[in-house]
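*Asks:* Throw the hints in and build the complete structure from the sequences for me.
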Amino acid sequence: MPELPEVETVRRGLEPAMVGARFTKVTQRRPDLRFPFPERFTERLEGQEVTALGRRAKYLLADLSSGEVLVMHLGMSGRFLVTQGGTTRMPGEFHHEHGGLGAHDHVVFQLSNGAAVTYNDARRFGFMDLVPRSAIETSKHFAGMGIEPLGNELSGETIARLFAGKRTPLKAALLDQRLIAGLGNIYVCEALFRTGLHPEAPAGSLVTKKGEPTDKAYQLADVIRDVLTEAVEAGGSTLRDHAQVDGSLGYFQHSFRVYDREGEPCATPACTGTVARLVQSGRSTFYCPECQKRSRT
Numbered sequence: 001m002p003e004l005p006e007v008e009t010v011r012r013g014l015e016p017a018m019v020g021a022r023f024t025k026v027t028q029r030r031p032d033l034r035f036p037f038p039e040r041f042t043e044r045l046e047g048q049e050v051t052a053l054g055r056r057a058k059y060l061l062a063d064l065s066s067g068e069v070l071v072m073h074l075g076m077s078g079r080f081l082v083t084q085g086g087t088t089r090m091p092g093e094f095h096h097e098h099g100g101l102g103a104h105d106h107v108v109f110q111l112s113n114g115a116a117v118t119y120n121d122a123r124r125f126g127f128m129d130l131v132p133r134s135a136i137e138t139s140k141h142f143a144g145m146g147i148e149p150l151g152n153e154l155s156g157e158t159i160a161r162l163f164a165g166k167r168t169p170l171k172a173a174l175l176d177q178r179l180i181a182g183l184g185n186i187y188v189c190e191a192l193f194r195t196g197l198h199p200e201a202p203a204g205s206l207v208t209k210k211g212e213p214t215d216k217a218y219q220l221a222d223v224i225r226d227v228l229t230e231a232v233e234a235g236g237s238t239l240r241d242h243a244q245v246d247g248s249l250g251y252f253q254h255s256f257r258v259y260d261r262e263g264e265p266c267a268t269p270a271c272t273g274t275v276a277r278l279v280q281s282g283r284s285t286f287y288c289p290e291c292q293k294r295s296r297t
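Just so it is clear: in the sequence shown, position 61 is 61 by the numbering used here, and no numbers are missing.
Any given hint could turn out to be false.
[To be verified] Derived DSS-like pairs: lysine-lysine, alpha-carbon spacing no greater than 25 Å straight-line: (1) 210 / 166; (2) 58 / 140; (3) 216 / 140; (4) 216 / 293; (5) 209 / 166; (6) 293 / 210; (7) 293 / 166; (8) 140 / 209.
None of these hints come from the bench; they were simulated from the model.
*Replies:* Spelled out as structure tokens, the structure:
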């Protein structure tokens, strides 16, 4: 599953081709992906202008002149190809084999600027929907979704409010999409390492008895934002998952300090620790037992 920086990489790659252009023709080649397409999908899109292309957590949101929003989720293997001016580029390359382009090209958007945007999805775990803009936050996709980690809402005070009294392991709390939306396994491991917080520490340990944020709560908010921003600027944590718009791989994976480095020396200068791995809720967590002691808050 792509993480937030990878989805943002795709959004930035699609934006120049889509925003300000009209859908002149939409070709839908099957009735469903993970879920059925909405009723009259092509009819509701054709003739509409894309006025903005945004992102909410790991969803892409194309605002239409009709007042509806085209909601798109990539699932595990979804990707877009942009053909324009005789060249084709892919704003996002995934680890999973796609089984050959063409056979899994399920939707093609022809745009008034001459661009063609093709949605390819071998496993069909992605989906598309149309939702009124006025109802987007209360729709089934976003109702109850937490704050954006790259937005202004994320702060030490917010972390204290969300985590107060929680005995849930810190990593699990950060991955709870009802609290903070869009954070994924890779970047949570990196943020906890940089902050010196143990992934199994209680989430409530970032809150004082008076309900105020600890110094680590403030630091964690800043580090989360920094890690995600670095990854977006680098084109995402590829690990063969993503390519930038020009087809070159992003380089954030070379900046991993702890993720997928089990058994390697800790990247912290002068630390003698070795990166370890534990499993939380079926997912691998990487951390340094020396830098991230349970007692640290």
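*Asks:* Within 25 Å, alpha carbon to alpha carbon, are residue 209 and residue 166?
*Replies:* holds, 12 Å
*Asks:* Does residue 166 sit within 25 Å of residue 210, going by the straight-line distance between their CA atoms?
*Replies:* It holds: about 14 Å lies between the C-alpha atoms, which stays within 25 Å.
*Asks:* Within 25 Å, alpha carbon to alpha carbon, are residue 293 and residue 210?
*Replies:* Since the Cα atoms of residue 293 and residue 210 sit roughly 24 Å apart, the hinted pair holds (cutoff 25 Å).
*Asks:* Compare the distance between the alpha carbons of residue 58 and residue 140 with 25 Å, and conclude whether the hinted pair is satisfied.
*Replies:* At roughly 15 Å apart (the allowed maximum being 25 Å), residue 140 and residue 58 satisfy the hint.
*Asks:* Take a quick look at whether residue 140 and residue 209 sit within 25 Å of each other, Cα to Cα.
*Replies:* violated, 36 Å
*Asks:* Does residue 216 pair with residue 293 here, judged by a C-alpha cut-off of 25 Å?
*Replies:* holds, 13 Å
*Asks:* Can the restraint linking residue 216 and residue 140 be considered satisfied, given a maximum Cα separation of 25 Å?
*Replies:* Outside the cut-off at roughly 34 Å; violated.
*Asks:* Decide if the proposed pair is consistent with the structure: residue 293 and residue 166, CA atoms, cutoff 25 Å inclusive.
*Replies:* Given that 25 Å is the threshold and the Cα spacing comes to 19 Å, the pair holds.
The structure shown violates the earlier hints numbered 3 and 8.
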